[in-house]
Amino acid sequence: MNDHTAATSPPVEAELIDFDEALELFDPVMGLEVHVELGTATKMFCGCPNAFGAAPNTNVCPVCLALPGAMPTVNAQAVEYATLIGLALNCEIAQLCRFSRKNYFYPDMPKNFQTSQYDEPIASNGHLDVDLGDGEIFRVEIERAHMEEDTGKSTHVGGLTGRIHGAEYSLLDYNRAGVPLVEIVTKPIVGTGKSAPVVARAYVAALRDLLLTLGVSDVRMDQGSLRCDVNLSLMRKDATEFGTRTETKNVNSLRSVERAARHEISRQAGILEAGGSIVLETRHFDEATGETGSGRPKETAEDYRYFPEPDLVPVVPDREWVETLRAGLPELPWLRRARLQQDWGFTDLEMRDLVAADGVVLVEQTVAAGATPGEARSWWNAYLGQRANERGVTLTELPITPEQVAAVSALVRDGALNAKLARQVIDGVLAGEGEPQDVIAARGLAVVSDDAALQTAVDEALAAQPAIAEKIRSGKLQAVGAVVGAVMKATRGQADAGRVRELVLSTLGVEG
Amino acid sequence: MSAVSTTSDLTRQTAAELASAIASREVSAVEVTRAHLDRIDAVDTDVHAFLHVSGEKALAAAAAVDESLQRGEAPASPLAGVPLALKDIVVQQGVPTTAGSKILEGWLPPYDATVTQRLVAAGIVILGKTNLDEFAMGSSTENSAYGPTRNPWDLTRIPGGSGGGSAAALAAFEAPLAIGTDTGGSIRQPASVTGTVGAKPTYGGVSRYGVIALASSLDQVGPCARTVLDTAMLHEVIAGHDPRDSTSIPQPAPKVVDAVRRGQTDGVAGMRIGIVKQLGGDGYQAGVSESFAKAVATLTAAGAEIVEVDCPHFEYGLAAYYLILPSECSSNLARFDAMRYGLRVEKRPDGTLIESAEQVMAATRGQGFGAEVKRRIMLGTYALSAGYYDAYYGSAQKVRTLIRQDFERAYEQADVLISPSSPVTAFAIGEKADDPMAMYLNDLATIPGSLAGIPAMSVPSGIASDTGLPVGLQIMGPALGELPMYRVAAAFEAAYLAEHGTLVPDLAPALEGAP
Amino acid sequence: MSALQDSGSEVSIAAQQPALTRDEVAHLAHLARLQLTESELDLYREQLDVVLHSVARVSEIATADVEPTTHAVQLVNVYREDVVVPGLEHAAALAAAPATDEGRFRVPQILGEEE
Ligand SMILES: [Mg+2]
Ligand SMILES: [Zn+2]
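Chains as they are written, first to last, in our numbering: chain U, 1 to 512; chain C, 513 to 1027; chain S, 1028 to 1142.
Since the hints were made in silico from the structure, they are not lab data. Quantities reported herein were computed from a predicted structural model and do not represent experimental measurements. No residue lacks a Cβ here, since even glycine has one placed at the ideal position from N, Cα and C. Heads up, a few of these hints could be off.
Here are a few chain C residues that sit away from chain U, every Cβ distance over 12 Å (derived from the structure) [as the list claims (entries may be wrong)]:
#1 D521
#2 Q582
#3 K806
#4 E820
#5 R847
#6 E884
#7 T893
#8 G906
#9 I941
#10 G942
#11 E943
#12 H1012
Listed next, the stretches of chain S that the computed footprint assigns to chain C, with coverage defined by at least 3 CB atoms under 8 Å from CB atoms of chain C [claimed, not checked]:
#13 1052-1061
#14 1073-1087
#15 1091-1101
#16 1117-1127
Please put together the full structure from these sequences, using the hints given.
Here you go:
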C-alpha cells in the first residue's frame, strides 16, 4: 500500500508542464504491454468460434462459460502462433513452460481466474528494431511474450455517464471470453528522451506490421484485437532510480499511444515539479481530450495467487519444430522495405510516403504486372492517392487492381494514351466501367495518330489564326504552342501533342 | 450371492448376475429398475443416500434396453440394463446437480459429463444422484447442505465421505453399481465403512470432464459396487482416454475383468504383497488392525509372499494434502459467483438491496457455501498468497515428489501394497463434526495414494470385533497397475467367501420398512 | 495422531510463524469473496491457525534439491486441433442465469475496474 498511502499527503495534481520543458528536467522510462488477439479459428481452451461481432453469448460453451465440471484443452494453433511471435521478436523459446492460474474475481471472467503464464512464458528475452521514421533505428528490448485468454465484454447500463461509474447494472457477453491472447511485454525503455512518444508509437506500429506479416492476427486496434498499455515514469536527470509509474490502459490507436505518452510526461512532470508525487495507478486515455484520467489505484495488496494450472499439462516445444518455424519466418517488414527501396531506386522520402500510404504492396504488384517502379509509384502515390483521399478510403480499398494500373502505364509508354487520357481511363475503371480497354472503347479515348485527320485540323487552326502562323514563319517558335493547343482542343485532347507540333512546323516549312 | 430372481430378490443380486439375466431376457431391465426404485422408496427416507431420484428417466432408459434386446440386438455393454447410482458431483444433462451445495440448488446442467455419456452409451440405467459432502469436502457426508446420509449398518453412524451416498446406496441394496469420486479417499473410505467395494483408478484413468472439480491434480472418478467383479466391469465402462480432459491417459481402459477372473482362478500365488510400515499401528482402531492382520493371513494362505515396505515420507502426506487440496479448491470454486448460474443473494437480511456485483458475490458465497468449504477456501487462499506460496503450496508439491519416490522404491519390492483403508470403522454422526483435525485423520491411509496418483481400492476385510462394523482392506497398485490390484482384490474376496461362506455386504442388516 | 502435529523439536516455518490476526483473516475473506460473520471470522482465525501450524511441517523435508510434482501423470504437449465444435445454444447458455437482458447475463453494477 506504500506507494498509495504515501501519495495521499503531497499534491497528486498540478498544472501540466510543457513537454520540452519537462524533458529538460526529467528522463522518461517506458514499459509497453501489448495484448494481441490471435486470429485462430477457435478460442484458446475450447472449440467455440473466435469471431468478432456475433450476437451476444452465441459463441459460448460449458468451458468458456466456466460451467461446473468443464475443463480446458489447449488450441495447438495458438501455441504455434505464440511461438512464431516469439521467434520473430528474437526471443528464446522455452524448453518447457506451463499455464498458470491468475486468481482474481471479475464478472467478465467466468472462472474468476485467468489462465495465463506466470514464471514460465513461452518466449523471453528478445528485441524489436524500430524505425523512428527519419531512418533512425531504435532497439526495443522484449522481456517476454506469453499466452493467455481474453475476458468477456461488459456493458454498463444506466447512470449519467453510461460508463462504469454510476451505472445501475451491467450486461455480460462471453463471446470474447477465452479468445487467445499473446501478451508482449518490453523491458524498461530508457534513453529515448524527447522521442519517447515517437518510440512508443513506432514500436506499436512495427509490432502491428510484424504480426500482420506473420499472419497471426488481424491487428485491428479499432476492434481491440491489438491493445496497448503504456507504463510511464519520470526520473530526474540526476536520479539513479526509476520513479513511480502509471499504467495507461487500452490505448486504441497509434496516434493515441503517442499522445498518451506525451500527456503523461507533461502531467507527471507538473506534479513532480510542484513537489508532489505520482500515484501508482492505472489511468485511462481519453481520445477526445488527448489526456489520461485517473483510474484505479494499484494496491500492493493485489495478490493473484498464481499457481500452475492443474487441468493442463506442460508445453514442451519440440526443438526441430521450433527450428522449422524459424526457417519459415516471413521476411520482416522493415527489412523487406529496405530491399524494395533499393531495387526500385526510390528516395527515402518517396519510400516513406509510399509506406505511410500503405502502398508498398500495391507498387510491388504493379511492377510485377509490368509497370516500371516510377510509373507504379506515381500512379499510386499521386493520382490514386488523391482519388483515395476524396473517397475517404485507403489505396487498397480503391476499386482498381495493380494489373489495371500496369496496363494503363503500358498504353502510355507506347503512345496509345497520353497522360490526360490515361487519367480518364483510370477514372473510368474507378467508376466501374470495366477494364482499361473497355473504358477506352466506350469513351473513345484512343490517341489520334492518323496524320491526314491531324493535317486537316492543323490547316484549319493555322487558317483560323493567320497572325500566329506569320509569327511562326518568322521564327518565333514559342508561338507554336498556341496552334498545338488549338489542335488538341479540336481533337478533344486525343492527339499526340508532339506529332501535332511536327505537322505545324512542316506545314509552315519551318525547321523545328 | 444367489441367482434367484423373484422381484424382491432382484435388488440382492450382483450387477453381473442382473446383466446376464437381462441379456438372456429372464428378467427385463424395467423389472430390475422398478425393483430398485421400490427399494429406494422403502428405505431411502432412513438412509438418505439419494438427493434426486430420476424414476421416469430410469424406467425409460431401461425400456429402451429391453426394446433393443427384443429387436434381437446385442447388449450395448456387459452391464446393459443394470441400475446405477451417480454421485451428485458428476453432471447429467437436465438432471439437478448440486455437489451437495446450496449454491448450486436447482441447477440443471446443459451438458453431460464424459462418464455420464459412457454410462448411457453402455445401456446402464441411472437411478438418480447420490448425496455427498459439499463439493466432496469431508469424510462423513455430514457436510452435505441437504442433510447427512446414514450408514445402513447402523443408521446412527456415518457412511464415510465424501461419497457416502453412493456407498450407502450399495450397502442398502438400493443399487448394485455406483459412481464415486476420490480426491483423498472419498471412494475408498466410504467403501471401507459400509462394507462395499470401491476403486480409485490411476490419476488420468477416467475422464474428469463434467465432474465438478475439487482438487484438479488429485480428483479421480471411480467405480463402486458390492463385489470386485462388478466393480471391474463398471471400471471398463467408464475408463479410457478422453480428449476433453487434457490429463487423461492416452490409453484404452485396462482389462481389469480378465485380472479379476485370474484372481478368482489363480489366486495370488507367486505375488509379492507389501505391507506399508507407516500405514498402521498408532491411530488405528484395534478392531481395524485385527481385521487387517486376518486379511494378511488369508493372503499368505492364498500363496502371496508378504514383505514389509518402508515409506518414510508418508507421515507428511496429510499435511501436504491439506495444503494442495485447499489451494486448488479455492481457485476451482471461484466460479460459483452468482453471475451466470446458481444461487444469487441480492438482499441483505434486513431486506435492502445489495448494490454491487462484488458485494452480491461475497454475500452469495458467504451464505451459499457451508462451513467446511469456506474453511478450505480460506486455507487455500492463504497458502497461495504471495510470500507463503513456496513455504506451503510449493513445499507440499515437493512432499508429493518424495511420496511418489517412496512408492517407486516400495514397488521394487512388491507387486501391490496393502493397508487398512480407514483407521477406524464408522463413527457416530456428529461425533467429529466440530473437530476438523480429527475428521481429516480419516484419510490417513488413503491420502498417500492420492498424492502419488496410483490406483488403489478398498475391499471388505471383515467385521471389526470391537464395533461389529465392516472394515476395509486397501490394495494399492503401481501407476497404471490396475491389473495386479484387481487380481489381488478378487483373490482376497474369493478366499474370504471360501472361508466365511458369505460376503460382507450380505451381512448388512435388512432395514426398517424394507419389503 | 502424530501425522498432523507439528513435531516441536524440528525447525519449521510453523515455529516462527506468528498467529493469524483477525485482520489477516478478514483480508483473506475479501480475496476469496466470502462475506463472513463476526463469529465466523473468530472461528476461522482459530481453526486456520491450528491447521496451518500443523501443515507447515511440509517445509521440514521440502529441500531445494527436490523437484515439485504438479501432476501425477507425466504428460506433455496435449493439444486440440483448431477446429470449431458446436457449443451451447443461446437459450441453453442463459437458461440458468439469475437474470438476463438483451441476450446477455444481467448482473448488479460492477464497482471495480477491469484488471
Ligand atoms: Mg495479462
Ligand atoms: Zn467455449
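Results of checking the hints against the structure:
Here C:D521 stays apart from chain U, with its beta-carbon at least about 37 Å from theirs, past the 12 Å limit. Residue-level check passed: C:Q582 sits 35 Å from the nearest beta carbon of chain U, beyond 12 Å. The beta carbon of C:K806 sits about 39 Å from the closest Cβ of chain U, which is more than 12 Å, so the claim that it is off the interface holds. With a closest Cβ-Cβ approach of about 34 Å to chain U, C:E820 is found to remain outside the 12 Å limit, as its non-interface label requires.
With a minimum CB-CB distance of about 4 Å to chain U, C:R847 fails to clear the 12 Å threshold, and the non-interface call is violated. For C:E884, the non-interface assignment is confirmed: its Cβ lies about 18 Å from the closest Cβ of chain U, beyond the 12 Å cut-off. Distance check on C:T893: its Cβ comes as close as 7 Å (rounded) to a Cβ of chain U, failing to clear the 12 Å threshold; non-interface status is violated. Against chain U, the non-interface label of C:G906 is violated: not every CB pair exceeds 12 Å, the least being about 9 Å.
Taking the minimum C-beta to C-beta distance to chain U, about 28 Å, the non-interface status of C:I941 holds against the 12 Å cut. Annotated as non-interface, C:G942 keeps its C-beta farther than 12 Å from every C-beta of chain U; the closest such distance is 29 Å. Here C:E943 stays apart from chain U, with its beta-carbon at least about 31 Å from theirs, past the 12 Å limit. For C:H1012, the requirement that its beta carbon stay farther than 12 Å from each beta carbon of chain U is met, with the minimum near 41 Å.
Residue count for the stretch 1052-1061 of chain S with a Cβ under 8 Å from a Cβ of chain C: 8. That meets the three needed, and the coverage hint holds. Under a criterion of three residues with beta carbons nearer than 8 Å to beta carbons of chain C, the stated coverage of the stretch 1073-1087 of chain S is upheld, 12 such residues being counted. Under a criterion of three residues with beta carbons nearer than 8 Å to beta carbons of chain C, the stated coverage of the stretch 1091-1101 of chain S is upheld, 8 such residues being counted. Coverage of the stretch 1117-1127 of chain S by chain C holds. Counting CB-CB distances below 8 Å, 7 residues qualify, and the rule asks for three or more.
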